[in-house]
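Asks: Sequence:
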Amino acid sequence: MSRLPLPVQKKILALRESEGLGRKAVAERLGVTEKE
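Per the working numbering, numbering through the sequence shown is continuous, rising by one, with the last residue being 36.
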């Protein structure tokens with residue numbers, strides 16, 4: 001990451017992670033894995 005302050009970097013990482021978890025949860029709910 002470029003010269004973002006650390007709190008901002010952490011916030012962005014947390015957002016990306018929660019987005020990923022959200023997608024995964026939705027996929028699991030639909031009974032679909034991302035690999036298929």
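Hints listed in this document are in silico derivations from the structure and should not be mistaken for laboratory results. Treat the hints with care, since some could be wrong.
As the list claims (entries may be wrong) - Now the in silico label distances, taken between C-beta atoms and shown as ranges:
#1 R3 <-> R23: 27 to 37 Å
#2 L4 <-> K24: 38 to 48 Å
#3 L30 <-> R3: 17 to 27 Å
#4 S2 <-> G31: 36 to 46 Å
#5 R3 <-> G31: 23 to 33 Å
Every residue gets a Cβ at the ideal spot worked out from N, C-alpha and C, and that includes glycine.
Asks: Go through the numbered hints given earlier and state which of them the structure violates, listing their numbers in rising order.
Replies: 2, 3 and 5
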